[in-house]
Amino acid sequence: MPKVKNWQIGRDMEYPYPESKPQKQVAFIFDPNKCIACQTCTMACKTTWTSGKGQEYVFWNNVESKPYGFYPLGWDVQTLGLLGPQKWEGGKYAGKTVFEAAPDQESVLGYLPNERDYESPNLAEDECSASVERGEHLKGVHKKWGFYLARICNHCAYPGCLAACPRKAIYKRAEDGIVLIDQKRCRGYRECVKACPYKKPFYNNTTRVSEKCISCYPKMEATGQQSQCTTNCIGKIRLNGFKSVDPAQANKDNPFDYLIHIRKIALPLYPQFGTQPNVYYIPPVHVDPKYLLQMFGPGAEEAVKAYRNAPNDKELLAALTIFGCAEPMTSKFKAEGDLAVGIDDKGAETARVPTREPSFVREFSQKTGAFLYNNS
Amino acid sequence: MKKLLVLAFLLAMGSISFAAEPVITSGAVKDILTDPMDPAWDGAGATIIPMAPQNVATPGIKAASVPSIKVSSVHNDKDIAIKVEWYDSTVNDAVNMSDKFADACAVQFAVKPGTEPNFMMGEPNGPVQILQWKAAWEKDLAKGYQDVEQAYPNYNVDTYPETKAVPQKANYPVTSFSPNAQKYIAGLAAGNNLSNPLKNTSVEEMNAEGFGTLTAQATQNAKGKGVSDYRYWKVVIVRPLDSGDASDAVLKAGSTVPVAFTVWDGSKGERGARKNFSDGGWVKLNIQ
Chain A
1 MPKVKNWQIG RDMEYPYPES KPQKQVAFIF DPNKCIACQT CTMACKTTWT
51 SGKGQEYVFW NNVESKPYGF YPLGWDVQTL GLLGPQKWEG GKYAGKTVFE
101 AAPDQESVLG YLPNERDYES PNLAEDECSA SVERGEHLKG VHKKWGFYLA
151 RICNHCAYPG CLAACPRKAI YKRAEDGIVL IDQKRCRGYR ECVKACPYKK
201 PFYNNTTRVS EKCISCYPKM EATGQQSQCT TNCIGKIRLN GFKSVDPAQA
251 NKDNPFDYLI HIRKIALPLY PQFGTQPNVY YIPPVHVDPK YLLQMFGPGA
301 EEAVKAYRNA PNDKELLAAL TIFGCAEPMT SKFKAEGDLA VGIDDKGAET
351 ARVPTREPSF VREFSQKTGA FLYNNS
Chain B
1001 MKKLLVLAFL LAMGSISFAA EPVITSGAVK DILTDPMDPA WDGAGATIIP
1051 MAPQNVATPG IKAASVPSIK VSSVHNDKDI AIKVEWYDST VNDAVNMSDK
1101 FADACAVQFA VKPGTEPNFM MGEPNGPVQI LQWKAAWEKD LAKGYQDVEQ
1151 AYPNYNVDTY PETKAVPQKA NYPVTSFSPN AQKYIAGLAA GNNLSNPLKN
1201 TSVEEMNAEG FGTLTAQATQ NAKGKGVSDY RYWKVVIVRP LDSGDASDAV
1251 LKAGSTVPVA FTVWDGSKGE RGARKNFSDG GWVKLNIQ
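The listed protein sequences derive, respectively, from chains A and B.
Position one of the first sequence corresponds to residue 1 (our numbering), numbered consecutively onward.
Position one of the second sequence corresponds to residue 1001 (our numbering), numbered consecutively onward.
Keep in mind that the hints were calculated from the coordinates and are not lab data.
One or more hints might be untrue.
[To be verified] Stretches of chain B that chain A covers, calculated by requiring three or more beta carbons in the stretch to come under 8 Å of a beta carbon on chain A:
{"#": "1", "region": "1056-1067"}
{"#": "2", "region": "1086-1099"}
{"#": "3", "region": "1149-1157"}
{"#": "4", "region": "1180-1191"}
[Stated by the list, open to error] Pulled a few chain B residues facing chain A out of the computed Cβ check, cut under 7 Å:
{"#": "5", "residue": "LEU1194"}
{"#": "6", "residue": "GLY1212"}
{"#": "7", "residue": "ARG1271"}
Backbone N, C-alpha and C define an ideal beta-carbon position, used for all residues, glycine too.
Using the sequences and the accompanying hints, generate a full structural model.
Okay, structure coming up:
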C-alpha cells in the first residue's frame, strides 16, 4: 500500500492511493464553546439539500449532545471500539489508523450501521456526562460536563469513503478538495457508509445510491459564499473557507491557517482515524481533558489554554470574532485596534466588527440595595 | 482406514462432478423458455458449477456462501436463455432500506469473439458483457417500484418540495413527481439505472474492462425472470444471440463460447465485489 503524509498524526501512513494533493483545501472551523444545539444548521442543510424522497433519515449536518449523543447511534465509539486502545507518543500517533487496521478482504476498518441506528437523530439531547445530584449546582462548581458537537462531512485529505469505493465513484476535487459521490457511477454498495469513520455518507432509500455533503459547492461557485450550515448559524460558531494544503505553507493572514496551523487552537475530530479531516474544532474548555485527548488528539490541552487566554490575545480574538460575521468567504483577517477585519480573496472587506461588545456597568444603588437603574 | 476410504470416496465424487471441465450445452428449441418453472427445462440438461469466493480485489469474501450453482441453457436461433439455480435459505429482495442487500446472479460473456479476457470483470481492451439479474428488480416488476412507503409502511411525511400527493392519500410515488421535482432526485436526474422507478426488466446489462469499471449499457435488451422455489432461486436470463448492439457479445449457433457466473447472497451482505464466482473462471458454453 502506498505511503502518504498525515500531518495530523505526525507521521506517514498507509493509504490505498498515492499522494495527490488538491490546489487548495476546503475547510471549516467549528467552535463548540459557542454552540447551543439549536439545530438551525441542521435545518438549513436539510431544507437545502436533503428534503427529498428517500432522504427522510439523512442529515448531512447534525448536532449531537456529547458524550452520549450520536447520529447514527454510537458512530464514534463503535469505530474506536473496533480500533481498540491505541497510543499517542507526544504529537505522533503510535497506534493504527482505520486503513492500517483494515481486516482481511477490506480496505478500511469500519462497520455498516444497522437501520435502527438512524432511528434517533437527537438521542441523549442535553444529557451531560453524569447526573447532577439534587442541589449540587447550588453548592459550587460541579465537574459534570457536556457539549454540543456539530458535524458535517470532513472532506478528508485521505477519505475513508473514497478508499473503500470499489468503483472509484467517489472523488476529491483537484480545485478545492471537496469530496463528492458521482451519482451516476454509484451502485449503492454502501462500502462508503461502512468505511467512513464519521458515518457521513448516507444511502438514499429511493434512488438506491449513496449521497453525502457537497460542501454547498453550487452556492460557493455561484456566489463565493460560505455553506448554508455556516451562514445560517445563529451562534456564529462556524467559519468556512480555504486553508493551505500543507502546514509548511501556512499563511498567518489566513484565518484557517492561523487557527489550525499557527496557533493550533482548531483541532481535527478523531485524528487517530487517519483520514486527515478538514473540519476543525476548538475544544470545549470545560470538558474532561482525557475525553478531549481522545476526541481531538494531544493538542487539546494547549488549545484550551490558548482559548481561555483569548481576551488578552488581540490577534487570536480578531480571528475568532470574524466567525459568522459575513456570508462571503473570508480569506484574510487582521486586528485593527479593537476591530476584527475580514477580507475576501479579491481584497474586498467582508467584515469589520468590534472584538468586544460595548458594555455598561450599572451602579449599585445604596438606596435600594440593588443594581437598579431606574428612578426607584 | 475408514477415514482414508471416506476421503477416497469424496475424491471420487469430486472427479465425477467437477474434475472434468464443465461444459454447458445450449440445445436448440422452437420456442425460447422464459419461465424458470417451465417443465420444458427438464429436457435441457444441467451442469453443476462449483463456486469460489471473490478474494482477489478488495472488498471480498473469505469463503463461498453458495457452494455451487446449476446451469441450463436453450436457444431458438434468435434468443438464448440461461437458467441459473442455487440454494438460498432466505429471500432478500429489498434495497430500499439502508442496511439491506438483495440476492442476485450474473452471467458474463467476452465481447470480442474468440477472446478470453480476465474472467474477473474483463481487462483493458478485453471488454466483457455482464447481465445481472436482481431479486430487487424482480420485486419492482411484480409489485411496483419499491420505495420508502414499501420499506416503512407506517412512515409519515408532510410533503416533499415541488410535489403533490396522489389524491386522497399521503402517498408520493416517484412517478407522480413533476419533471421539475424529479430533477432533485439526484440519482434519477443523473440517469442512474438503479434509480429509475420505471423498470421493464429484472436484468441489467453492463460492460466492464477490469475491476471498478462496470458501466451500464445505453441499450438494455436482456430480460429475465427469477422465482424462489422451496429455498432455491431459479432464474432465467434471456438475451438475443445477436442484438446488433456493438457492446454485446455476438453468440452464434454451432459455436462454443466462454461464459462465467456470479451469485450474491444478500442476507450475508454480499454486493458488488463481495460475491461468489464460478470456480476456475470461464466455463464453456456449447451453443448447438
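Going down the list of hints, with the structure as the test:
| no. | hint | verdict |
| --- | --- | --- |
| 1 | 1056-1067 | holds (count 6) |
| 2 | 1086-1099 | holds (count 5) |
| 3 | 1149-1157 | holds (count 3) |
| 4 | 1180-1191 | holds (count 8) |
| 5 | LEU1194 | 5 Å, holds |
| 6 | GLY1212 | 5 Å, holds |
| 7 | ARG1271 | 5 Å, holds |
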